[in-house]
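These protein sequence lines are chains Y, U and E, in that order. Per my numbering, the first sequence runs over residues 1 to 471. Per my numbering, the second sequence runs over residues 1 to 315. Per my numbering, the third sequence runs over residues 1 to 723.
Source of the hints: derived by calculation from the structure; they are not laboratory data. One or more of the hints may lead you astray.
[As the list claims (entries may be wrong)] Dumping the calculated DSSO-like pairs for lysine-lysine here, alpha-carbon to alpha-carbon at most 27 Å:
#	chain 1	residue 1	chain 2	residue 2
1	Y	K290	Y	K209
2	U	K64	Y	K20
3	Y	K51	U	K278
4	E	K259	E	K392
5	U	K64	Y	K26
6	Y	K26	U	K279
7	Y	K392	Y	K184
8	Y	K20	U	K279
9	Y	K79	U	K314
10	Y	K425	Y	K352
11	E	K429	E	K287
12	Y	K29	U	K279
13	Y	K86	U	K278
14	Y	K392	Y	K209
15	Y	K352	Y	K289
16	Y	K352	Y	K184
17	E	K674	Y	K20
18	Y	K455	Y	K392
19	E	K111	E	K86
20	Y	K20	U	K278
21	U	K64	Y	K29
22	Y	K26	U	K278
23	Y	K345	Y	K392
24	Y	K453	Y	K176
25	Y	K184	Y	K345
26	E	K92	E	K122
27	Y	K345	Y	K280
28	Y	K176	Y	K86
29	E	K264	E	K287
30	Y	K270	Y	K209
31	Y	K425	Y	K409
32	U	K314	Y	K29
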Amino acid sequence: MARTRTTKKLAQRIDLNYFKRSTPLKRAKLWLSLLVPVLAILWIFWYAFHKDARVYSSGRMSAPHAVLETQCAACHIQKASGFSAKVQNQACLSCHDGPIHHASQVSTPDCATCHTEHRGRINIAAPSEKSCTGCHANLRTTGAASRYSQHVRDLADGHPEFAVIRENRRDPSTIKLNHALHLKPIRRGPTGPIVQLDCADCHRPAAAKNSWSYADASYAANSPTSETVKTSASNGDALPPHNPPTGRELMAPVTFANVCASCHLLSFDKRFSEGVPHDKPEVIHAFLKKKFQNYAAAHPSELRSARDPDRDLTGKPLTPRIQTLTAAQWVAIRTSDAEQLLWRKTCLQCHKLSFDRNGSLPHVQQAAASSDTALPHVVEANVTTRWMPHAKFNHEAHGGFTCVSCHEKALRSSDSSNVLLPGIKTCQTCHASGPDYAESRCFECHTYHDWSKRKEITPTFSFPPLETGGL
Amino acid sequence: MRIDSTQRTWAIASAVIFAVSLSAYIVYAHNSIQGARGGSAIGLAFGVLGFAFMLFAALLGARKRAPVWRLGRAQAWMRGHLWLGALSLPIILFHGGFHFGGTLTRVLMWLLIFTVFSGLFGAVLQHYIPRVMTADVPLETIYDEIGNVRNLLLEEADRAMEGLCGAIGGSKTSEEEIQRAGGFTAMRPMAAPTKGSAAVAPAAEILLLSEEESSPLRHFYFNEVRPFLERPAEHRLLVSDLHRSQLGFSGLRTLLPEGARATVDDLEDVCEEARQLKKQQRLYRWLHLWLLVHIPISLALIVLGAVHAVMALKY
Amino acid sequence: MATVSSPTGLINITIDGRAVSVAPGTSVFDAARISGIPIPTLCHLQNETPVGVCRLCVVDTGARVLTASCVRPVEPGMKVETQSGKVLAARKTLLELLMADHPSPCARQQKSGDCELETLAKSAGIEQSRFAKRTVARGLDDSSLAIAVDHDACILCDRCIRGCDEIKNNFVLGRMGKGYSTGIAFDLNAPMGNSTCISCGECMVSCPTGALTNKGVAGTSIAASEDGYTFQAEELLRIPVFKGVSGTFLELNRGAIVKRRYRKGEVICREGEFGSTAFYLVEGAAKVSISSPIAHVKTHGGAKGFFKRLTSTLVDRREDVREEETRDRTIPIDASVDLSYGNPVASLGPGDLFGEMTCLNFYPRSATVRAESDVVAYEMLRNVLDIMMKNKTFRAQIDANYRERALENHLRGVPMFADLSPDFIDHLKQSVELQRFAPGEVIARQGDPADSFYLIRIGFVKISENYPGGAMVLAYLSRGDYFGEIGLLGGGVRTAMCTALDHVEVVRIAGDDFRQMVERFPAVRKGLEAVADERRLANEQRLKTVDSVPLDQFLSQGLMEAQSLLVLDLQKCTRCDACVNACADAHDGVTRLVRDGLRFEQYLIATSCRQCRDPLCMVGCPVGSIRRRNSLEVIIEDWCIGCGLCARNCPYGNINLHPFQVMNEDPDHPGRTKAVVKQKATSCDLCTNLAEPSCVYACPHDAAHRVDPKKFFADAIGQLPTY
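Turn these sequences into a full structure, and let the hints steer you where they fit.
And the structure:
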């Protein structure tokens, strides 16, 4: 009675409708297959019910727009015709102006092409490298060929050397300054025998508040009108900054009062301890005359002066031994002498002066006669405050470095016509792509929109009143 | 489904699709202004492709509901399901540029990852378990019918016992298989050799053991065999384990007269079959339970994916 | 020499001391019987010529030896002892000898307990014969439908022979053999069923033992309902067809024939039911029809809805025509008419016999017969039917009916014969011969000269071919099929063996007529030749496949028999049941495959039709709906009546009955329909109208395949160890 298995016996054990029977496994499969999608739908509906469209958002918005996260319709404007509510440029332009980049650009991309939202709390103003290289990697223009580099792929690839350096330009400034000399220990200084100047003793951002080591309060007090910084107009199309600078990005122009005065005394006569104001020759002339007149009045004895005994080395006719001058004469002579000193020496140390016609100083007598007309003209200082008019550079951000680690040329520059701007290579040592390097994307230095063409925008979108009701 | 050389075409095709997508993605991600985005033309194309793959994969379920429609062999669908379904993950990652995005897309991404990986897990199971099952469960039957078959085994064991020990009580006769055979048992056999219509072999030889002789057998039967046939989950019983079962039965044989051998052999055989059915149940569950994860979340994925598609096209 | 004689010339004798006077010539036996003295006997019967072979009636007449009283005439003054010790001892010995030969208890003793021999032996107190039992069996003859012959129980009393010859004058029975093998014989020792015996039952009535017994048919008698009327034997004898039948026999078979009256509209028999009776219409008309909708168990389409229904309506044939069926087939049924496929209704009139197949072969009813007017019919069991069919006049009438009404249809049912001209049909009607064959009888033998063409009327014919090393079944033919054309068209020699599987009736067209036919009608010739070629080719192919494959384990699962197997590669199969669902889907919610069965190597041989070379399932279908298509697959045609015989016959459990809900005419409310559950047999049809079986198509794992086992397992077969 061995158990035999035959096909027929085996088959007849099976209920022919077994596959229609519900089994726990099938039930579980069915119910789970219904339940889970239904839960999913309920989940979505829950959001829809609460009119919360955030769930569909492809990501959080940039910080400035964070308030818009629940206000989808602010940007995604549903038009009556058409299903898609893709953000149009108008949505952006209703709050922001986006001036064109270049008149000759081939095409103007949509705002969202560069400023991609829903990417988290990113800096939306910082577009990707490709936003720029998209055109600049292979630049084409509508008009004449661009004078910019045609193939910029990134900072390391194709970015040209800064124009000043590339073109080997000279600093057009007329101020004579030997950086190398100033950075060496200086024998004689106002505070002691050896002075070691630091860059920051002269170059500071405008907002810097700490006191100047080499300032002279007397100069600073009467801040001369001539020292107001006039931005260099050497490159005519320099753009005004869009964002108000904090005042720490750029080095403020060097002023005599703050920086030079302590060492470079503008002494004009041994009778006076103070110097002339650091101002135009006319002002100085007036100052001198006034000083001497006052002095003459106070010291009438000074009008009589004994000639140095028997010393005549020049062969010129000797003046009377004892000369008694009128006050006016005395003042004229003293003024002339002081001016001689200033025009011929003191000012020329740094400035370039131009003289009338023959270029020679007027004779003292003449000067006395026509003192007002014979003054020299100080040639415009023509200081270049920004060497890279198209790019931003933040000195403060680089505050961790010593100045000379970039501007090492300053140590060697004896001529003020040297441009001490470091080359792009210097930037590239830190700025490169990759996590090991500092940001190298375009927006770091450049800006796209030509803010000079900015228009005033009246926002059409206003936020709903806050729940606090303004309390 | 075995992953074997017959799938080479699909594997190559998938690899080609993957390679093309990958290179397209690399070129596109490299060149596009904002990096890879779902909304850009290529990103959208990836999204559509990925969703199409997912839909195709999900349609397998629908396809299985209409197996007769000549829509292509189920095998091709299955392979498509497997390969394209697996491909949908990288394609969708390309679609999103490896960003998970906002709430919905994040949920979708995780659903997709779970779906794909549960599917891969299932594919691995389906690759190996059938072989294990084939080797280890030679007496397998249809999973859904295991309960029924087990009842038949119980009945067969009861009959065998009755044949040997007389009425044992508590056994019920099953009319079921007679009805199942179409009710033709009353019919005269024609040319066909007469065979038992029921799956259970009738107790042919009647050899009655005396009460005393049969007591070890009865004891063993009622304390080991029957409980095991009735409650297969019981694992403390001797017969629930092959080795212990062998020991138990060989011990039993020594206590019984020669004539009882055949019945004891049958009982052992029945127990072996019941053990195999138990094993089959376990393997079968491995083979199919993963679907309980895979199917629901894939459906949720499709539903939410559609919502995402509509909403993404809108915004 | 009579000392005491009566005035009337009577002879006076003394029996057991009593004076008895009887007429001269009276046997002692009769004399004793007249005077109320019983003498036991076995071979003697009142109405038969005494032969004195059993010697049990011996008496002591005072002679040298005991004398057989049945053949011994009285003599005046005879003194007869019937109960003396000597006589009793002799009888006892005789009984013991006879009992030693007798398979006690014999069939009769078992059935009715009235075996004369055993009764006598019992009364004589014989428990155990002292003599050795016979060692040579004389055998059984079960060929007659009405009478069972057990030669072993025969005591050679000759009562049956005398009954057949003297009383009924049929001269069928006789003696044969010598010694231990002596026995009675029908004709020249033919099986009783094949002999000229007309089943009058006289022999059986005469037999004292269980050697000739009435074959009780299932239930023995037809339960007479209110309207039924059970005949008395005498009444039966008045019916012409029972003329010449033994009254006792009819008495024995009382209840095996019932006269029934049906009112108009009543159902006489219902298709698919099991039965054992045939009907003979006497009055009125009846409509025969197949009420099972002729509808495919749907094989195309798909999921109808999310939820699959358990049962379902079938698809009308018009919606689902199989491309193969271009001809208008007829449905063979169990009556003298065939039903046309398009309109399966026919009518029967007085003199028609139906239900023969059911009665003779116990096939289920093939059609529903409903009374069209008030009907009177005889319902009979097969012993009675046999008696009727053996009646020459009745037989002639039935045959004439057939020739007149059905033969033409039958011939035209064969597509090639559709073109025959009416005059030739008329000619055939007269010239064809109707032949009957008993189960197992050879109709045509391979190698014999081909002399005729056969058309099967009833039953199943097995066509097999002998080849060196065995026989191979080529086909099973059933009603409406024909055979013999290959021999006639070809070399004139039978190429195959044709054997009757059950009670077979064939229409035999003689070779001359056949040749005339094919000459006159070239279309017929062409068609026949095409079929013959096709068959020849198929046969050759099949024989080729047999070749010399070793018989081993492969065969034990019957895989060699199969032409096509559904195998599931278990190493790939995840048991997902997609195949089963696909099958159910393709076949309207019922699966035709069961994903269980035996394994061969790593393959599961799923339970689904194997398209066997020897399709046992096809044998016995009462309506011939299970058949082989030209492409050799076995299909179940749409007029299946759900009897389940094929399912029973299939050795592999591949055919199953499924309930289908169909709308049928409501008998209670004419004109309305009501839902009825009908069983239909279903078996894998290979999804014939689709390119590929749905199960294979739907397997997602490349596990299911329909394969030719010998090709598929070619390697495995070669590697199999030989046992």
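Against the structure, the hints come out as follows:
A C-alpha spacing of about 35 Å is found between K290(Y) and K209(Y), which places the hinted pair above 27 Å, so the restraint is violated. For the hint linking K64(U) to K20(Y), the alpha-carbon distance of about 14 Å falls within 27 Å, and the restraint holds. Proposed proximity of K51(Y) and K278(U) is contradicted: the alpha carbons are some 53 Å apart, above 27 Å. This hinted pair checks out: K259(E) and K392(E) have alpha carbons roughly 22 Å apart, not beyond 27 Å.
At most 27 Å may separate the alpha-carbon atoms for a hinted pair to count; K64(U) and K26(Y) meet this at roughly 14 Å. At roughly 20 Å between alpha-carbon atoms, K26(Y) and K279(U) fall within 27 Å of each other, so this suggested pair holds. Among the hinted pairs, K392(Y) with K184(Y) is inconsistent with the structure: their alpha-carbon atoms are about 31 Å apart, more than 27 Å. For the given pair, K20(Y) sits about 24 Å from K279(U) by alpha-carbon distance, which is consistent with the 27 Å threshold.
Our distance criterion of 27 Å between C-alpha atoms is met by K79(Y) and K314(U), whose separation comes to about 11 Å. For a cut-off of 27 Å, the pair hint linking K425(Y) to K352(Y) is broken: about 34 Å separates their Cα positions. Restraint check for K429(E) and K287(E): the C-alpha separation of about 25 Å stays at or below 27 Å, so the hint holds. For a cut-off of 27 Å, the pair hint linking K29(Y) to K279(U) stands: about 22 Å separates their Cα positions.
Restraint check for K86(Y) and K278(U): the C-alpha separation of about 59 Å exceeds 27 Å, so the hint is violated. Taking the CA atoms of K392(Y) and K209(Y), the gap is about 22 Å. The hint holds against a cut of 27 Å. The suggested pairing of K352(Y) with K289(Y) holds, with an alpha-carbon distance near 23 Å, which does not exceed 27 Å. As the CA atoms of K352(Y) and K184(Y) are separated by approximately 24 Å, the hinted pair is consistent with the 27 Å bound.
For the given pair, K674(E) sits about 26 Å from K20(Y) by alpha-carbon distance, which is consistent with the 27 Å threshold. Among the hinted pairs, K455(Y) with K392(Y) is consistent with the structure: their alpha-carbon atoms are about 22 Å apart, no more than 27 Å. Between K111(E) and K86(E), the direct Cα distance comes to roughly 34 Å. Violation of the 27 Å bound is thereby established for this hinted pair. With a CA separation close to 22 Å, the supplied pair K20(Y) and K278(U) stays within the 27 Å bound.
Restraint check for K64(U) and K29(Y): satisfied, since their Cα atoms lie roughly 14 Å apart, inside the 27 Å limit. Proposed proximity of K26(Y) and K278(U) is supported: the alpha carbons are some 19 Å apart, at most 27 Å. For a cut-off of 27 Å, the pair hint linking K345(Y) to K392(Y) is broken: about 39 Å separates their Cα positions. With a CA separation close to 37 Å, the supplied pair K453(Y) and K176(Y) exceeds the 27 Å bound.
Restraint check: the Cα-Cα separation between K184(Y) and K345(Y) comes to about 23 Å, which is no more than 27 Å; the hinted pair holds. For a cut-off of 27 Å, the pair hint linking K92(E) to K122(E) stands: about 10 Å separates their Cα positions. Restraint check for K345(Y) and K280(Y): the C-alpha separation of about 15 Å stays at or below 27 Å, so the hint holds. Pair hint K176(Y) plus K86(Y) does not hold up; C-alpha atoms about 60 Å apart against a cutoff of 27 Å.
Among the hinted pairs, K264(E) with K287(E) is consistent with the structure: their alpha-carbon atoms are about 10 Å apart, no more than 27 Å. Distance check on the hinted pair: K270(Y) and K209(Y) sit about 35 Å apart at the alpha-carbon level, beyond 27 Å; violated. Distance hint between K425(Y) and K409(Y) is fulfilled; the C-alpha atoms sit about 14 Å from each other, no more than 27 Å. About 34 Å separates the Cα atoms of K314(U) and K29(Y), which puts this hinted pair outside 27 Å; it is violated.
Violated hints, listed in ascending order, are 1, 3, 7, 10, 13, 19, 23, 24, 28, 30 and 32; each of the other numbered hints is respected by the structure.
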